[in-house]
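Each chain is listed here by its residues.
Protein chains: 2
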Amino acid sequence: MRHDLVVLPAGLTTRGDAYTLRRADEGDVATIVALLAADQLGATRDSADDLAPYIAAFRAIHADPAQQLLVATAADGDVVGTMQLTAIPGLARRGALRMQIEAVRVHEAHRSTGLGAAMMRWAIDDARTTGCALVQLTSDKARTEAHRFYERLGFTPSHEGFKLML
Amino acid sequence: MRHDLVVLPAGLTTRGDAYTLRRADEGDVATIVALLAADQLGATRDSADDLAPYIAAFRAIHADPAQQLLVATAADGDVVGTMQLTAIPGLARRGALRMQIEAVRVHEAHRSTGLGAAMMRWAIDDARTTGCALVQLTSDKARTEAHRFYERLGFTPSHEGFKLML
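The listed protein sequences correspond, in order, to chains L and R.
So this note's numbering is basically just the index in the first sequence, starting at one, shifted up by 55.
So this note's numbering is basically just the index in the second sequence, starting at one, shifted up by 55.
Same shape as in the complex, but just chain L (with noise of 0.2 Å):
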């Protein structure tokens, strides 16, 4: 349903080059897969030698209305960067819808350029349209310049992130 709220794709404002934000399909997971595999973090836990579990987790999510995996595509239409949008119904905030993203990366030679910056403000933009009440993401505490990144878009730290590996 919210996603008739959505209008994608659409066009990215940056410094300089052209960049288009669309829903990501399946002949797009073997690129993000290796824009995931690219971060230094990821390097370890992530490859595209095998895509088999990958496809199911994108069948999956793309099955989920509360989900949108996007790409950001160069004007060739290569995919130059990706991020996940997940809605959270909840009961605290007097009932208050939360976006979460995760997942937000960019093609090292796209860098610099703003569209990072592009991508989260459309995703806030978004999350502002359909209406939650807040924006939440976390980032590994190695992260530094990511970190200065999110707080420059107006994200506070708040928050200690917790994980535990099953």
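Do not take every clue at face value.
Below, computed lysine-lysine pairings styled on DSS-like, alpha-carbon distance capped at 27 Å [stated by the list, open to error]: (1) R/Lys196 to L/Lys196; (2) L/Lys196 to L/Lys218; (3) R/Lys218 to L/Lys196.
To be clear, the hints were calculated from the coordinates, so they are not data collected in a lab.
For chain L, the structure is supplied; the task is to place chain R on it using the hints.
For chain R alone, coordinates are given in the frame of chain L:
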């Protein structure tokens, strides 16, 4: 679909009293809101004076198969604890499903009984049963006692938790 794997109601093992964990129903909403409002940090944000927005949120949670809004009841049937579990599919970590825990509250008269830990252990077992690769939550940096509680349960405060209020 995942609900088929979940065995509820479940008895919770604590150091003394007998508690039961079950899915919340609409008749529990006022009590859950009272638990949220009794919390120091939630006191200014939540109130059971007007239940309408909470009932609407409850229905959204209830309709979403990725959500489990749970309550713990004492031997007399009173609701004395609550938590919300969200299953989030993702591509990272070889297409891992993750479980997110939000809005964990225990009535002050039932703290230090082991109830909170028993609720969390149930959530972790449920995450494992449903194939999650990790469990995650954020906790306000002011809640230092809660942080020790989560660390005792095996959680690592590896991430910064960012929030942006809209």
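Evaluation of the provided hints:
no. : hint                 : result
1   : R/Lys196 to L/Lys196 : holds, 14 Å
2   : L/Lys196 to L/Lys218 : holds, 12 Å
3   : R/Lys218 to L/Lys196 : holds, 15 Å
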